[in-house]
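Go by the hints and put chain Z onto chain G.
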Amino acid sequence: MTDVVTTGLLLDGLIALLLAGLAFRLLRTRDLFEAIMLFVAYGLTLALAWIRVGAPDIALAEAALGAGVTGALFLNAWHRLAVRAGSDDRLPMEADP
Amino acid sequence: MMGPSSSHGPGVSSPSPSGDAPTGPDASSPSPLLRDHGERDGPPLLRWLLGLFLVPVGILLALGLKGAAGSRDPRIPDLIAKHLPETGVSNPVTGVLLNFRGYDTLLEIAVLVAAMVAVWSLDRGQRHFGLPASASASGGAGGGRPFLSAILRLAVPTAFLTAVYLTWMGSSEPAGAFQAGALLAGAGVLLSVAGVLRPLTAAALPVRIVAAGGVAGFVVTGIAVLPFTGAFLAYPEGWAYPLILGLEAALAVAVAVILVELFVDVPSIPAHDAALDAVDPYGDPLGRALAPDPSPADPEAP
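Residue numbers (this note's numbering), protein chains in the order written: chain G, 1 to 97; chain Z, 1 to 302.
Next up, chain G with everything else stripped away, as it sits in the complex:
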């Protein structure tokens, strides 16, 4: 019994740390593509958190809508704004305007 509780606590702590770390990186990064990927990862981790608190409905919605559809929309918008220069897919975010 205590083993189960400890494992659960470890898992919850891991998810919480992961969420905080992903959020921090997401806010810090200057690379829009990386930000989108982090956003999707954050959404999927959040879905795990919802499962852990016993809300599978919200977990499903978060994974499908929050991470999936919103991530796709961001990618779409990113791509509309992106300029592909040569083989490099990244945005010229560090370029002087």
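Everything labelled a hint here was simulated from the structure, so no lab data went into it.
Bear in mind that the values here come from a model prediction, so they are computed numbers and not experimental data.
Certain hints may be false.
[Said to hold, decoys possible] To give an idea of the chain G side of the interface with chain Z (calculated C-beta under 7 Å), a few residues:
| id | residue |
| --- | --- |
| 1 | G54 |
| 2 | A67 |
| 3 | N76 |
[To be verified] Some chain Z residues close to chain G (C-beta under 10 Å, calculated; not the full set):
| id | residue |
| --- | --- |
| 4 | L49 |
| 5 | V164 |
| 6 | S172 |
| 7 | A175 |
| 8 | Q179 |
| 9 | A185 |
| 10 | G186 |
| 11 | V264 |
We put the CB at the ideal spot given by N, CA and C, even for glycine.
Leaving out everything else, chain Z in the frame of chain G:
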């Protein structure tokens, strides 16, 4: 942690190959919407003050959250459990969302419809989306791209089946129309990107009808039950389950169409698009029109 990536390459100011897209300042800085504000976020003192201001805000939020956690009315779960058999479904979440608080879900889908109308009203000019029809016609689904084709064959039927399952199971298990709609939308987006499905546009009447179907279904049902029960969206006894299932199905399809529509019916920004075409007309892995058609649908381009 995130060092500056020197990821911009050369060739940003390469001239237009066709010559009809504008060059010049627009073409050499083709992302006027994207600026790196990094070092220009304001004076450091202001940023420190903002940070200081955020500390009490964070503490207040934490205190509020702590208070909210204990303030649930303890009678609510019992009330729901007691009246669940009357809702026609056995999943309490669906019972609340589609029966006790059906207007919540009505307003949710109304917000989505409004978002679609807003995006649609922004849209003028040509759309750049999806592989050209010729690409898919020549090679079947995926346009002769084996990986894309395999993914489509696996993912689309699976997504469709799962969406039907999620809608169906919503009455007894944690699932529902919005999750099912999002899955269907994923399949739709995949098909649109691959050029199998012609991109939806809100201008098409069938798209409008299906997109409005969720709201319309709710409103019509809500009014139709009035003479029997005397309250908006209060289902007559014995009718709750079929009505909820029908509403869920209409909702799932509407959500899917609206989300696909939001994804593919992208408003064009004429000057921006012209500049993009000037830089790299064939550079879109999502497959923007391989042969950019400059003028006719693009009246505002310089």
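Structure-based check of each hint:
1. Using the Cβ-Cβ criterion of 7 Å, the hint placing G/G54 at the interface with chain Z is not satisfied: the shortest such distance is roughly 10 Å.
2. Hint status for G/A67: violated, given a least beta-carbon distance of 10 Å to chain Z, over 7 Å.
3. A cut of 7 Å between beta carbons decides the hint on G/N76: the least distance to chain Z is about 6 Å, and the hint holds.
4. Because the smallest distance between the Cβ of Z/L49 and any Cβ of chain G comes to about 19 Å, over 10 Å, the interface hint for this residue is violated.
5. The restraint placing Z/V164 at the interface with chain G is violated, with a minimum CB-CB distance near 15 Å, outside the 10 Å limit.
6. For the restraint placing Z/S172 at the interface with chain G, the shortest Cβ-Cβ distance is roughly 12 Å, beyond the 10 Å limit, so the hint is violated.
7. Given the 10 Å rule on beta carbons, the hint for Z/A175 holds: about 7 Å separates it from the nearest Cβ of chain G.
8. For Z/Q179, the interface hint holds, the least distance from its beta-carbon to any beta-carbon of chain G being 4 Å, beneath 10 Å.
9. Checking Z/A185 against chain G: minimum C-beta separation of about 6 Å stays under 10 Å; hint holds.
10. Restraint check, Z/G186 versus chain G: the minimum CB separation of about 6 Å is within 10 Å; hint holds.
11. Checking Z/V264 against chain G by beta carbon gives a least distance of about 8 Å; that is within 10 Å, so the hint holds.
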